[in-house]
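Assemble chain Z onto chain D, guided by the hints.
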Amino acid sequence: MDTRSQIAAVRFGTGPRAPHSLPDDPVAWLDQQTRAAPAPLPPPDGRDAPASLEEGYSAWIAHDATPPPAGQASVPTQLFRAEQQAWVRHLLTSDVPFHDRLTNFWLNHFTVAERGGFGMTTGFPHFLRQAIRPHVTGRFVDMLLAASKAPAMLYYLDQVASVGPNSNFGKRSGRGLNENLAREILELHSVSPAAGYTQADVTEFARIMTGWGVERLRPPFDLVFRPGNHEPGPKTLLGKSYAEGPEAYEAALRDLAAHPATHRFLADRLVRHFVADAPPPAAVARIEGVLRDTQGDLGAASRALVRLPQAWGPPLTKLRAPLDYVVAMHRAAGATDPGPVLGALSALGQPLWNAPQPNGWPDTAAGWAAPEPMMQRLDIAYETAGRHARLDPRQVLETALGPLAREETRSALSRAGSARDAITLVFASPEMQRR
Amino acid sequence: MSQTHLPRIGRRGFLLGLTALAAAGPARLAVANVAAPGAQIMDRRLVVILLRGAMDGLHAVVPYADPDYAALRGALALGEPGAEGGVLDLGGTFGLHPKLTALHGMYARGELLPVHAVAGPYRTRSHFDGQDLMEGGGPQRLESGWLNRALTHIPESAGQPARTGLALGLDLPLLMRGDAPVGMWAPPRATRPEPDLYARMAELLHGDPVLGPSVMEGMRGRGYATGALAAGAPIPTNQGGFTRLANAAGRMLARADGPRVAALELGGWDTHAGQAQRIDPVLLQLDRGIAALRTQLGEAWSRTAVLAITEFGRTARANGNLGTDHGTGGAAFLAGGAVQGGRVLANWPGLKRDALFENRDLQPTRDLRALAKALLRDHLRLPASAVAAAFPGSEAVAAEIGLLRA
Numbered sequence: 001m002d003t004r005s006q007i008a009a010v011r012f013g014t015g016p017r018a019p020h021s022l023p024d025d026p027v028a029w030l031d032q033q034t035r036a037a038p039a040p041l042p043p044p045d046g047r048d049a050p051a052s053l054e055e056g057y058s059a060w061i062a063h064d065a066t067p068p069p070a071g072q073a074s075v076p077t078q079l080f081r082a083e084q085q086a087w088v089r090h091l092l093t094s095d096v097p098f099h100d101r102l103t104n105f106w107l108n109h110f111t112v113a114e115r116g117g118f119g120m121t122t123g124f125p126h127f128l129r130q131a132i133r134p135h136v137t138g139r140f141v142d143m144l145l146a147a148s149k150a151p152a153m154l155y156y157l158d159q160v161a162s163v164g165p166n167s168n169f170g171k172r173s174g175r176g177l178n179e180n181l182a183r184e185i186l187e188l189h190s191v192s193p194a195a196g197y198t199q200a201d202v203t204e205f206a207r208i209m210t211g212w213g214v215e216r217l218r219p220p221f222d223l224v225f226r227p228g229n230h231e232p233g234p235k236t237l238l239g240k241s242y243a244e245g246p247e248a249y250e251a252a253l254r255d256l257a258a259h260p261a262t263h264r265f266l267a268d269r270l271v272r273h274f275v276a277d278a279p280p281p282a283a284v285a286r287i288e289g290v291l292r293d294t295q296g297d298l299g300a301a302s303r304a305l306v307r308l309p310q311a312w313g314p315p316l317t318k319l320r321a322p323l324d325y326v327v328a329m330h331r332a333a334g335a336t337d338p339g340p341v342l343g344a345l346s347a348l349g350q351p352l353w354n355a356p357q358p359n360g361w362p363d364t365a366a367g368w369a370a371p372e373p374m375m376q377r378l379d380i381a382y383e384t385a386g387r388h389a390r391l392d393p394r395q396v397l398e399t400a401l402g403p404l405a406r407e408e409t410r411s412a413l414s415r416a417g418s419a420r421d422a423i424t425l426v427f428a429s430p431e432m433q434r435r
Numbered sequence: 001m002s003q004t005h006l007p008r009i010g011r012r013g014f015l016l017g018l019t020a021l022a023a024a025g026p027a028r029l030a031v032a033n034v035a036a037p038g039a040q041i042m043d044r045r046l047v048v049i050l051l052r053g054a055m056d057g058l059h060a061v062v063p064y065a066d067p068d069y070a071a072l073r074g075a076l077a078l079g080e081p082g083a084e085g086g087v088l089d090l091g092g093t094f095g096l097h098p099k100l101t102a103l104h105g106m107y108a109r110g111e112l113l114p115v116h117a118v119a120g121p122y123r124t125r126s127h128f129d130g131q132d133l134m135e136g137g138g139p140q141r142l143e144s145g146w147l148n149r150a151l152t153h154i155p156e157s158a159g160q161p162a163r164t165g166l167a168l169g170l171d172l173p174l175l176m177r178g179d180a181p182v183g184m185w186a187p188p189r190a191t192r193p194e195p196d197l198y199a200r201m202a203e204l205l206h207g208d209p210v211l212g213p214s215v216m217e218g219m220r221g222r223g224y225a226t227g228a229l230a231a232g233a234p235i236p237t238n239q240g241g242f243t244r245l246a247n248a249a250g251r252m253l254a255r256a257d258g259p260r261v262a263a264l265e266l267g268g269w270d271t272h273a274g275q276a277q278r279i280d281p282v283l284l285q286l287d288r289g290i291a292a293l294r295t296q297l298g299e300a301w302s303r304t305a306v307l308a309i310t311e312f313g314r315t316a317r318a319n320g321n322l323g324t325d326h327g328t329g330g331a332a333f334l335a336g337g338a339v340q341g342g343r344v345l346a347n348w349p350g351l352k353r354d355a356l357f358e359n360r361d362l363q364p365t366r367d368l369r370a371l372a373k374a375l376l377r378d379h380l381r382l383p384a385s386a387v388a389a390a391f392p393g394s395e396a397v398a399a400e401i402g403l404l405r406a
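For the protein sequence lines, the chains are D and Z, in the order given.
Numbered by the UniProt record's numbering, the letters in the first sequence go through residues 1 to 435 in order.
Numbered by the UniProt record's numbering, the letters in the second sequence go through residues 1 to 406 in order.
Take these hints with a grain of salt, some might be off.
[Unchecked claim] FRET-style restraints, in silico, Cβ to Cβ: (1) D:R172 x Z:G85: 29 to 39 Å; (2) Z:N347 x D:S52: 51 to 61 Å; (3) Z:A355 x D:A194: 33 to 43 Å; (4) Z:P392 x D:R394: 29 to 39 Å; (5) Z:A83 x D:P68: 47 to 57 Å; (6) Z:A158 x D:Q72: 49 to 59 Å; (7) Z:P213 x D:S52: 42 to 52 Å; (8) Z:T93 x D:G339: 47 to 57 Å; (9) Z:A388 x D:D95: 51 to 61 Å; (10) D:P234 x Z:G350: 34 to 44 Å; (11) Z:A65 x D:P68: 32 to 42 Å; (12) Z:P67 x D:G245: 38 to 48 Å; (13) Z:T93 x D:A194: 40 to 50 Å.
[As the list claims (entries may be wrong)] Chain D regions said to be covered by chain Z (calculated; three or more residues, Cβ under 8 Å): (14) 352 to 362; (15) 427 to 433.
Because the hints were derived from the structure by calculation, they are not lab data.
Idealized CB from N, CA, C, for every residue including glycine.
In isolation and in its complexed conformation, chain Z is listed as follows:
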């Protein structure tokens, strides 16, 4: 550990080293932007964004050319490309919501792959069941998440300063819970204790079987993040919480010695009423967040895949409150330089009455797990056994082919 000017406090030396990093000003203890000698850190990056609350896929990725779209959606229908407030064209059949301008730019560069009529295996339309199953990855509720189980198959080297996995925000989502330790980052509060006080607190806590390991892991995560985020231009703090988290994630993921797999969450999609107004700022956050990842990742964007998923779609028709209720099939996004984008991936079931699931929802024709399994297999290049352990009971769901550039 680095030498510091802090007073010696005996056996707290190790803790102090970590806590100094956790609280240090940018100049005091910079983290070298190189991997430790001998460390073989995977070079590909994966970001998973959980869109909590059930994003309306028909509002985000609009099937404007479907002959039944306008009548079915009524007042929620968006205009064709070129019309005022119209969608951003995705090749003649679908269009992106007009707030998704950065994603549209990625589409034009072949870095965005919208996926439509997609859902997990879950059909009963309860948010927390749906989210637990989406994150757990199994046919019933599990105590760990599929991304954490995948991380257990990516070896960490002793000299690696950051954990391979990184969760952004105050909550560790089920997706990232499990046996693999993961780093976390949340925006710091205005004031923090001095390093010495952190060390004294850590000394009181380190023997506790629950609190001790968490605090040590937390110190480690903060120590890394403080150094990593201090390098480069200040991260803007005025574009909303999600964008700030995405900036921080991108900054850390970009580093040679940084994390490789990150998870973020964005809520606000449960638009039962007044959807047209309520969904706009949330779509804007998503658009800015993925744009921030791209900017911060820089050269590493070419080896990055971003997967944005939601627990289920919403009703195909508007309800009586100009909103939509819990549904089934919806949309997902894949973005990144590693993604074979510039097209829409969909076996489009259509919006005719008989084509709807239970005469109310977009019929799912593709399984979310097929996307995630493909990313684990083809992007993180995990063995088949690891992919199977991430998604138990999914033998019948083949990993999607061709999501990634060769």
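This is chain D alone, in the form it adopts within the complex:
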């Protein structure tokens, strides 16, 4: 077994899936996932198509008119659960695992979370399928535009409540700015604080985007621009003036996407995610250069990541976050049922698409390796092994770890008293917990 093929599946993918087959040429295999548009994500089980914004908003309206009895999940929540199951089922069976990892990475970069309420959950199928996934190997500016205008994001970060104080509606109602989305686009999605923007920039950016909102009660059931909510007059963001009107938001986003600080920030995050908690400066500089030279081509940046020499040497240094860990265990077991995966993610403190805060999930070991969470991993490894105790533990080891398995782990497996115990040990091993 070629170690590089195993590393490709572990470091850049979601872990090898049983029945076992790895690519002969790992770089070509990874490249290919960044060049061809992936097959569309299947709809949730039992549906012909994913839930549209209109369907979600209609369910929300119906819910408000007639709340379900206590203990029964609302229809908007049921639609969201179905979408979660569809994504996890895809992760378990996918043959484009590098693309999936990139999708998970960008979903975390542009965090929206279930705790944001129905505005987020009803908008999430659109967010995943139209705002994020089509762009993960495209141009960053297109993803930034799509995410920053996605109804799920506008709800999650309160843009729907922001009103230009001197707009017609603002003067009439006394309502004012909500700076949440403006601040997070600057801090978390684009230039980062390294760009040196000020509170005045945040406020100006919030003024620029006033008027953009969501119409959920009547057509178009989508993003809208309401001139009566738009703050009049020109605004200045990072030293550049933007004229009054709906075009300014997109113009500002395009400038943010092209800002050198954005390239630097994205390179740092990508290398931290795929290579090391402390990103090697040379590797960051390499990815930053690719982003600069290609005007933010994320496919090119992904292919450059694959070619970083730092990405290929065992030992694997990154700790798998619960999402990576749980999916890898279930792929190694050949599982297809998303239910246990979703349950395990909640138990391990990373409930799917429900990060506590807009800065998303931690991307370093320090965020995940506290004592009791590590113990919970051992318990989940044992539960997962129990569900797949019919499997041949040696086969599970070969699939999941192959040439990355340490002698200690092989030896522990051979001395285990039952298949369940043996599989538990494979899942608990340090090499399984790393990527």
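Chain Z alone, transformed into the frame defined by chain D:
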């Protein structure tokens, strides 16, 4: 380590001892409820509760006698004491939300000190910035928490079975991250591996520089908690997650050989819409949780201080959705037998339009760090240098005087 009937597996003996504790049934390996000989464990207890999401202080501790309160709050205003659904009186000016009955009882006994118009130094109303700064304790984001830095100044003795610090729940909050090792506890899952399998897993992991120390610390924490929680009446599991964590915390803190400093988290305070309905169950959880601490701590409650804090307050007026948005000044709670309670601590700025911060929020007149610094100095009795290291850059914020009984 105790003898067990488990098979010998050579060099895993040490691990086995810990894992046996981690998974043992209550009777197999009881932990003695005494400190090890020679151990000098501090006798005072401190519990910090992080109220995540920004609790509306004007809804929890209601300034019902302020002449501008009713008009400002509109539909969110609560009635005066004695009215149906009215507040629980705190001496003529303020009242507790009617769900906070246990806290009101503590107030009557002089064990509750509500603090009002309080905030950290942070003013930009972002939850995660606000929480990171509240927990980190510094003027900018830090990698460790102020409570963990305080713990590094409390010596642990070799014979002490539990860590001095204890974090409850699945997440180790920034507040408790840092150089001082802390114990953790979360409710156990329905099934757990046998001790021998834990030992085999620990053996595979113990050489890993990240996973090894965490697993060893986790085994130690579970080992202690299993024995400690087995003693006494079963902890009720039907009152909500926070109450369960508070019961467990109180049970362990009460023990002579137990932890002394605990951290808990309670979310659900981000009430942008429908606040009157949404906040009730969360207030009830807080009330029951602090009551559970009191019950479980028993005699040790007299030497306990509980501090409940939130990242910032909320807008003074209701918004268009009968909720409130991110604000500034808010309320905090101090509770415990060690607290000089039975009064409200507030330099009340009033609710007039001009008195509000940026014409929208309760004006903060007191710094949260002054409360925390006072607890470190006067309750944990840490030296000034340790208090300063817990809250770097806070030289201008003097520790509050008189929070604690003499």
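Consistency of the hints with the structure:
{"no.": "1", "hint": "D:R172 x Z:G85: 29 to 39 Å", "result": "holds, 33 Å"}
{"no.": "2", "hint": "Z:N347 x D:S52: 51 to 61 Å", "result": "holds, 54 Å"}
{"no.": "3", "hint": "Z:A355 x D:A194: 33 to 43 Å", "result": "holds, 38 Å"}
{"no.": "4", "hint": "Z:P392 x D:R394: 29 to 39 Å", "result": "violated, 54 Å"}
{"no.": "5", "hint": "Z:A83 x D:P68: 47 to 57 Å", "result": "violated, 33 Å"}
{"no.": "6", "hint": "Z:A158 x D:Q72: 49 to 59 Å", "result": "holds, 55 Å"}
{"no.": "7", "hint": "Z:P213 x D:S52: 42 to 52 Å", "result": "holds, 49 Å"}
{"no.": "8", "hint": "Z:T93 x D:G339: 47 to 57 Å", "result": "holds, 53 Å"}
{"no.": "9", "hint": "Z:A388 x D:D95: 51 to 61 Å", "result": "holds, 57 Å"}
{"no.": "10", "hint": "D:P234 x Z:G350: 34 to 44 Å", "result": "holds, 39 Å"}
{"no.": "11", "hint": "Z:A65 x D:P68: 32 to 42 Å", "result": "holds, 41 Å"}
{"no.": "12", "hint": "Z:P67 x D:G245: 38 to 48 Å", "result": "holds, 45 Å"}
{"no.": "13", "hint": "Z:T93 x D:A194: 40 to 50 Å", "result": "holds, 47 Å"}
{"no.": "14", "hint": "352 to 362", "result": "holds (count 4)"}
{"no.": "15", "hint": "427 to 433", "result": "holds (count 4)"}
Violated hints, in rising order: 4, 5; the structure is consistent with all others.
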